[in-house]
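Trainee: Residues per chain, in single letters:
2 protein chains.
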Amino acid sequence: MPDASDPRLADYTGLRDVELRKSLEAEHGLFIAEGEKVIRRAVAAGYPVRSVLLTRRWLGSLADVLDGLGDRVHVVDDDVMEEIAGFPVHRGALASMERRELPSVGDLLHGALRGERTAGTPADPGRILILEDLVDHGNVGAIFRCAAALGIDAVVLSPRCADPLYRRSVKVSMGAVFSVPYARMADWYGGLAEIRAAGYRLLALTPASHATPLNRLDLRSACALMLGTEGDGLSSRWLHEADEAVRIGMDPRATARGVDSLNVVAAASIACYELAARDW
Amino acid sequence: MPDASDPRLADYTGLRDVELRKSLEAEHGLFIAEGEKVIRRAVAAGYPVRSVLLTRRWLGSLADVLDGLGDRVHVVDDDVMEEIAGFPVHRGALASMERRELPSVGDLLHGALRGERTAGTPADPGRILILEDLVDHGNVGAIFRCAAALGIDAVVLSPRCADPLYRRSVKVSMGAVFSVPYARMADWYGGLAEIRAAGYRLLALTPASHATPLNRLDLRSACALMLGTEGDGLSSRWLHEADEAVRIGMDPRATARGVDSLNVVAAASIACYELAARDW
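These protein sequence lines are chains A and B, in that order. At position 219 of the first sequence the residue is numbered 219 (the working numbering), and the sequence of numbers has no breaks. At position 94 of the second sequence the residue is numbered 94 (the working numbering), and the sequence of numbers has no breaks.
Please note that the accuracy of each hint is not assured.
[Said to hold, decoys possible] Cut-off 20 Å, straight-line C-alpha distance, at most; resulting in silico cross-link-like pairs (SDA-like, lysine to any residue):
#  : chain 1 : residue 1 : chain 2 : residue 2
1  : A       : LYS37     : A       : ALA26
2  : A       : LYS171    : B       : PRO159
3  : B       : LYS37     : A       : VAL43
4  : B       : LYS37     : A       : LYS37
5  : A       : LYS171    : B       : GLU230
6  : A       : LYS171    : A       : GLU34
7  : B       : LYS37     : A       : GLY138
8  : B       : LYS37     : B       : LEU66
9  : A       : LYS171    : A       : VAL43
10 : B       : LYS171    : A       : LYS37
11 : B       : LYS37     : A       : ALA198
12 : A       : LYS171    : B       : ALA256
13 : A       : LYS37     : A       : HIS90
14 : B       : LYS171    : B       : ARG21
15 : A       : LYS171    : B       : THR229
16 : A       : LYS37     : B       : ARG21
17 : B       : LYS171    : A       : VAL135
18 : B       : LYS22     : B       : PRO159
19 : B       : LYS171    : A       : GLY138
20 : A       : LYS37     : A       : LEU59
21 : A       : LYS37     : A       : GLU98
22 : B       : LYS22     : B       : GLY86
23 : A       : LYS37     : B       : ASP260
Treat the hints as calculated values from the structure; they're not laboratory data.
All chains, full assembly: derive it from the sequences and hints.
Mentor: Below, the structure written as structure tokens:
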């Protein structure tokens with residue numbers, strides 16, 4: 001049984017240390033899936049397994065996943081797992097997975113508007129989200145889960161937006177980061193132009209009172225809803241680039257209650273729901 | 001300057017230790033507000049200050065709050081604050097506040113249906129949330145923020161639902177836990193009957209396909225929307241007690257994407273938005 005200093009376990013080091021993980025995962029092109037359910041979804045989505053680190057009691061339920069991995073299956077005790085990861089891993093199994101090359105934004109949109117929508121009706125206009133510089137991995141994961149549930153075809157990330165394959169994003173998304181297609185823009189300044197050129201109307205979600213309430217939006221065309229960073233919202237550059245500013249109607253009493261906005265996940269949920277506007 | 005062992009700082013011990021905090025806060029009838037903004041909201045909402053623990057650089061901006069507290073203002077260095085709290089307190093100021101007695105559910109509903117709605121139109125039907133056994137304090141806080149933003153009049157908690165005045169709930173709510181009236185049921189088994197008797201239609205939010213989609217709901221009567229615990233949803237007892245089961249319409253492709261539900265905050269956001277159904 002390997003101990004915490006075993007170099008074969010280096011993929012799993014310091015899972016709570018964001019900076020360490022960012023450099024380690026970028027350097028080796030890997031990401032971590034945590035728990036049986038998430039590992040299965042990553043495998044089903046076609047990500048190759050680099051190795052699995054688990055405690056003995058998970059050997060049985062993951063047997064089919066482990067089959068063929070040979071000496072890339074590492075069984076350790078709880079305390080060794082905690083020592084490597086830096087916290088108690090309640091789900092008892094971690095897999096190091098290989099990342100794949102992301103599609104370009106152009107290829108993603110081509111797929112979102114066409115081939116990927118075969119389960120919908122051909123008349124469905126496209127619906128995508130564009131996330132600008134979200135910082136919190138949990139928020140990115142939660143938005144992917146909403147996107148999967150509410151019929152969003154694809155997600156485009158700004159160059160600096162937090163990573164959907166970071167452990168916490170994956171976990172909070174319930175694996176939706178594996179099933180909702182996404183791409184990352186190469187160019188923040190000019191990136192929106194390509195999306196508009198692909199036929200999407202750019203909608204900027206903002207709390208500004210002059211914006212169009214979401215429930216009065218014309219939903220007949222393909223729409224790309226832009227969501228800004230947790231604190232400051234969308235950049236002025238992107239607000240200026242948008243075809244239309246949209247807002248979620250809020251109770252006039254909210255200000256007296258000390259609340260002047262929704263958090264980004266709540267706002268994204270409502271916006272995805274309105275964009276769907278379907279009798280499901 | 002006091003050190004970490006000073007008994008006057010006992011209110012602030014181990015802020016990340018949920019069990020310790022629960023017993024300590026219950027025993028002394030206190031809660032912790034973190035950061036200038038939240039402390040100000042708690043004070044404005046009328047909660048008495050027991051004491052304040054802060055670093056020197058916050059003395060100026062909180063001067064008016066500290067005025068009159070005398071020797072109940074404790075100035076410490078960052079490392080002492082971290083030693084007491086158990087983590088680095090980035091917002092630099094903590095206040096220990098006295099809890100107040102909560103209204104009974106009966107008194108709360110009387111207020112929610114009448115006096116508290118003066119800013120709305122008299123014809124507004126009441127809107128409340130009932131939270132059953134939510135475990136996560138962040139989720140409770142996020143739901144209070146949505147409630148404040150989207151015109152929910154009041155919140156009723158099941159006997160075991162997580163505490164809205166726990167530090168993380170307060171923080172995530174942006175202080176909405178101070179402005180949205182709430183009460184805690186004394187009796188889980190029979191508690192819903194009193195709410196129905198007060199004139200509310202009991203709506204159970206569930207992913208079940210036989211439930212009424214929220215957007216087809218008759219919204220003319222006063223509604224109490226019931227939200228269940230993060231993992232299992234509503235108890236069968238409460239589902240059975242409900243006047244109507246309601247659901248959020250989801251994309252038929254979501255199952256193929258591995259997603260069969262929304263998280264409770266996303267679901268609450270959408271449900272509050274639909275219940276409001278107003279042209280704000």
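Trainee: With reference to the structure, classify each hint as holding or not holding.
Mentor: Hint-by-hint comparison with the structure:
1. LYS37/A <-> ALA26/A: violated (24 Å)
2. LYS171/A <-> PRO159/B: Judged against 20 Å, a Cα distance of about 29 Å means the pair is violated.
3. LYS37/B <-> VAL43/A: violated (45 Å)
4. LYS37/B <-> LYS37/A: violated (40 Å)
5. LYS171/A <-> GLU230/B: holds (14 Å)
6. LYS171/A <-> GLU34/A: holds (7 Å)
7. LYS37/B <-> GLY138/A: Distance of about 24 Å is beyond 20 Å: violated.
8. LYS37/B <-> LEU66/B: holds (14 Å)
9. LYS171/A <-> VAL43/A: Answer holds: LYS171/A to VAL43/A is near 15 Å, not above 20 Å.
10. LYS171/B <-> LYS37/A: At roughly 31 Å apart (the allowed maximum being 20 Å), LYS37/A and LYS171/B break the hint.
11. LYS37/B <-> ALA198/A: violated (44 Å)
12. LYS171/A <-> ALA256/B: Holds, at about 18 Å.
13. LYS37/A <-> HIS90/A: Holds - the C-alpha atoms of HIS90/A and LYS37/A are around 13 Å apart, at most 20 Å.
14. LYS171/B <-> ARG21/B: holds (16 Å)
15. LYS171/A <-> THR229/B: Given that 20 Å is the threshold and the Cα spacing comes to 18 Å, the pair holds.
16. LYS37/A <-> ARG21/B: violated (33 Å)
17. LYS171/B <-> VAL135/A: holds (18 Å)
18. LYS22/B <-> PRO159/B: Measuring from Cα to Cα gives roughly 15 Å; hence the hint holds.
19. LYS171/B <-> GLY138/A: holds (16 Å)
20. LYS37/A <-> LEU59/A: Cα-Cα ~14 Å, so holds.
21. LYS37/A <-> GLU98/A: Roughly 17 Å separates the two Cα atoms, so the pair holds.
22. LYS22/B <-> GLY86/B: Judged against 20 Å, a Cα distance of about 16 Å means the pair holds.
23. LYS37/A <-> ASP260/B: Holds. LYS37/A to ASP260/B sits at ~13 Å (cutoff 20 Å).
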